[in-house]
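**Student:** From first to last, the protein sequence lines stand for chains A and B. The opening residue of the first sequence carries number 1 in this note's numbering; numbering runs sequentially from there. The opening residue of the second sequence carries number 69 in this note's numbering; numbering runs sequentially from there.
The hints are simulated quantities; they were obtained by calculation from the structure and are not laboratory data. There is no bait here: all hints are sound.
Examples of chain B residues lying across from chain A (beta carbon under 7 Å, computed): (1) Glu101; (2) Ala154; (3) Gly159; (4) Gln196; (5) Asp197; (6) Leu200.
Which stretches of chain A does chain B cover? Using the computed rule of at least three CB atoms under 8 Å from a CB of chain B, they are: (7) 21-28; (8) 47-59.
Quick caveat, the model's predicted, so the values are computed rather than measured. The C-beta atom is built at its ideal place from N, Cα and C for all residues, glycine as well.
Chain residues, written in single-letter form:
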Amino acid sequence: MLLAYRCALACERITAAAVEATEFPVAADRHGVVSVPAIVANERLAWVGSVPEATFVEHIARVAGALP
Amino acid sequence: MNPLGEHERAAIREVFTDLVRDVPILLELGPEEAPVTVLAGGREIDFGDETKLLLEQLTELSDRIDLTVMETEDPGPWPKTTVAGALVYHGLPWGYELTTIVGAIVEAGRTTPSLTPASLETLASLEQDVALEVYVTPT
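Between the sequences and the hints, there should be enough to build the whole structure, so can you do that?
**Tutor:** This is the structure in C-alpha cells:
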C-alpha cells in the first residue's frame with residue numbers, strides 16, 4: 001500500500017486509496033477481489049500480490065498506456 | 069478497545085520524529101456499510117469510533133499532525149481517512165494496516181520523494197490519470 005501512496009505523492013496523475021476489504025465486501029466483490037493485496041486501477045482489477053517498486057511502477061505505466 | 073499500547077506509542081513517536089512538515093488528517097464519519105462487527109469473544113466493534121480513537125492517539129504523538137473530524141448523514145465509504153489531502157484509507161486501519169496509516173503520515177511528512185529516480189522518471193511520463201484502490205485486510 002505504501003508504494004501506491006508514494007506514487008500518488010510523486011505524481012499528480014495518480015490517486016491512491018486503501019480499502020479494507022472485510023468492511024467493504026460489496027466493493028471487493030464487484031472487483032473480484034479474492035486475496036490481498038489486490039490492486040484495482042481505474043475500476044479494473046489490475047494485479048494481485050506485493051511486487052517490487054519497479055514492477056509496481058511498470059504496472060501503473062501500463063495501465064496509463066505508457067507501456068505496451 | 070485501546071488501539072495503541074505503550075510499546076507501540078513509543079515506537080511510533082520515534083518514527084514521527086522524522087516528520088519535517090505538517091501533516092493534516094481528515095477523518096470523515098457517517099452511516100457505515102457494516103456498522104458493527106462481532107469479534108471472537110463476543111466483543112462488538114464500531115469501525116468509526118475505533119478509527120477516531122486511533123487517529124486521536126496518533127495525533128498525540130507528534131505536534132506535526134493535525135486531525136479534523138467531520139460527520140455526515142449521507143451513506144458512503146466511511147470511515148474515510150485522508151492524509152495530507154491525498155492519501156486515502158477506507159475503513160479502520162487496524163492490525164497490520166496500522167503500518168499503512170503510520171506510513172502514510174511519514175510519507176506525507178517528507179520533503180523528498182522516497183521512490184527511486186527511475187520510478188520518478190517513469191511516473192513523470194504518464195499522460196493518463198490512474199486511480200489506484202488497494203484492497204487490504206488487517207490480518
